[in-house]
Amino acid sequence: MLKQAHIRNFSIIAHIDHGKSTLADRLIQACGVVSDREFRDQFLDNLYLERERGITIKSQAINLPYKAADGQTYQLNLIDTPGHVDFSYEVSRALSSAEGVLLVVDASQGVEAQTLANLYMALEHDLEVVPVINKIDLISADVEGTRQQITDDLGLDGKAAIAISAKEGTNIPAVLEAVVTQLPAPAGDPEAPLQALIFDAAYDPFRGTVIYIRVKEGAIRAGDSIRFMHGGTVHKVEEVGIFRGKRQPADKLYAGQVGYLFAGVKTVADTNIGDTITHDDRPAAEPLPGFREAKPVVFSSIYPVATDDYPELADALSKLKLNDASLIYQKDASQALGFGFRCGFLGLLHLEVVQERLEREFGLSLILTTPSVRYLIHLHDGQVLEIENPAHYPDPASIDFCEEPYVRATIMMPERYIGAVMPLCLDRRGVNTQMHYPSPKRVELSVDLPLAEVIYDFYDKLKTVTQGYGSFDYELIGYRRGDLVKLDILVNGEKVDALSMLVHSERARTRALHAVNKLRDSIPRQQFKIAIQGAIGSKIIARSNVNPFRKDVTSKCYGGDVSRKRKLLEKQKAGKKRMKLVGNVPIPQKAFLAVLQTDSED
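Per my numbering: the sequence shown = residues -9 to 592.
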């Protein structure tokens, strides 16, 4: 059995695109876990979406054997983490399994918004932090300037930061030595009653649930009878092991180790991320503190295109929930789209990722409704309603006032872009703007924004106006009063409930025009004129028409009095009017998707 003093559990944290996954690749190669033939870039990014987009979405663990300068062999458990603000929940779960972190900073970009956010998260978990400066091979790299920023902005020792190039493999051995010498060994008694934290899980179609655990106290081996302390269910362990690129069975896992187990858990609902595993015959006195519940901020309804696929969608969501604990969902129904689910997400990128995984991993065709946030509606009788679904919006006459969620956004960028970013924030109803200069030519802008304005397309616009140099992080700061209205979209006089949205009154006409114009371009022409309208209550605020096909009924009318032609045209007009009264306008799937898309010129 390996001594606990020779185990290190650590994570790599950084802002998006600062090189976490590339550094993880170099560490894996340096430890010789994977042969050159089996190796591929972004080794720990197993999801095809991660590889396509070049981002990390899921935390992944790997066990690295490393022979240090002192001649001892160490086991390094590396847990790679995402950098995007939507997946900070994944980061917090990974950090609960580690004793220390490598904080990676890009030598050309310096300290950015998520760098700060992730550092604060690591300090909350009382972790040891080792700063690493990456991308020193770039022409624009400013290593000394970055050291100064690490000292000034992060309060760490910038002079001790290890300068590396993960792409070229420069100075990687120094990082491994720092992990061994600067990060603490895990605590815990291998003889104590078992306490193991479930920090992730995945679904294997052949063996059921794969449970990822960090053993805090005691030991666990195949054949043990275990109990989930929150769930209360009892299972028999079939296999335990560690991650070495693929699952590698082991005799046992003991205090300080990170690994996996199979226990014949067939139903997804039995596994809760953050639950504590203990022995059934010798239980621990109390469970470990779990994770904070992830609070969804963006809500959207998901419907199958074919109503027969509803059971498959329900099954797919339950399996995805196991692998993504921050996803929440409940049953929903719509007149236009049938049965579906109302889902909560941590942000718009999270929504996109869930949609793509459902479509590609489970082969489903889906329609999503317009994303919204959770509003507080105060009624005249003193009741307070929490509403994120426009279908549940009460009668406006009964509403006293509404409150909408606000976030404090932190935007870090080169000073030259401040003139472009300020109008963008003010256009999105930003207030309380404050500027701070962490270093010459770099500015940190703090602004309070309504969350509804942030989720729509704020991040895309910010990246555009700052030419990709602006970084963005936000935290919820509570609710403030807002003038809220329910915007309905009518097609041929019929309300399409799936396209209804709750918007601020100032934004209502802009959003209504956007929706009706997108629908006009997406709905196929019929034999009669189709009116597409945006309405608040009975007041129409936007309109567009889909013009009808027109058959030339006068083509066979040669010569004769003009009244003959007029008679035929009047007859056609009456027919179209009758058709409009009984005609059903089918709305194609692409029309719902088109309303969700934003145009750069809008």
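Please note that the accuracy of each hint is not assured.
Derived pair list, reagent style EDC-like, types lysine to aspartate or glutamate, alpha-carbon separation capped at 20 angstroms [said to hold, decoys possible]:
1) K242 - D271
2) K242 - D179
3) K321 - E302
4) K476 - E465
5) K453 - E302
6) K149 - D132
Simulated restraints on C-beta separations [as the list claims (entries may be wrong)]:
7) P404 - G145: 17 to 25 angstroms
8) T454 - L375: 47 to 55 angstroms
9) P195 - A381: 46 to 54 angstroms
10) T454 - G22: 54 to 62 angstroms
11) D194 - V224: 18 to 26 angstroms
12) L375 - T500: 24 to 32 angstroms
13) A521 - L128: 32 to 40 angstroms
14) I129 - F196: 32 to 40 angstroms
These are computed hints drawn from the structure, not numbers from a lab. Glycine is no exception: its CB is placed at the ideal position from the N, C-alpha and C atoms.
Here is how each hint holds up against the structure:
no., hint, verdict
1, K242 - D271, "18 angstroms, holds"
2, K242 - D179, "14 angstroms, holds"
3, K321 - E302, "14 angstroms, holds"
4, K476 - E465, "26 angstroms, violated"
5, K453 - E302, "37 angstroms, violated"
6, K149 - D132, "14 angstroms, holds"
7, P404 - G145: 17 to 25 angstroms, "23 angstroms, holds"
8, T454 - L375: 47 to 55 angstroms, "37 angstroms, violated"
9, P195 - A381: 46 to 54 angstroms, "36 angstroms, violated"
10, T454 - G22: 54 to 62 angstroms, "43 angstroms, violated"
11, D194 - V224: 18 to 26 angstroms, "21 angstroms, holds"
12, L375 - T500: 24 to 32 angstroms, "26 angstroms, holds"
13, A521 - L128: 32 to 40 angstroms, "56 angstroms, violated"
14, I129 - F196: 32 to 40 angstroms, "50 angstroms, violated"
Hints 4, 5, 8, 9, 10, 13, 14 from the list above are not met by this structure, while the remaining hints are.
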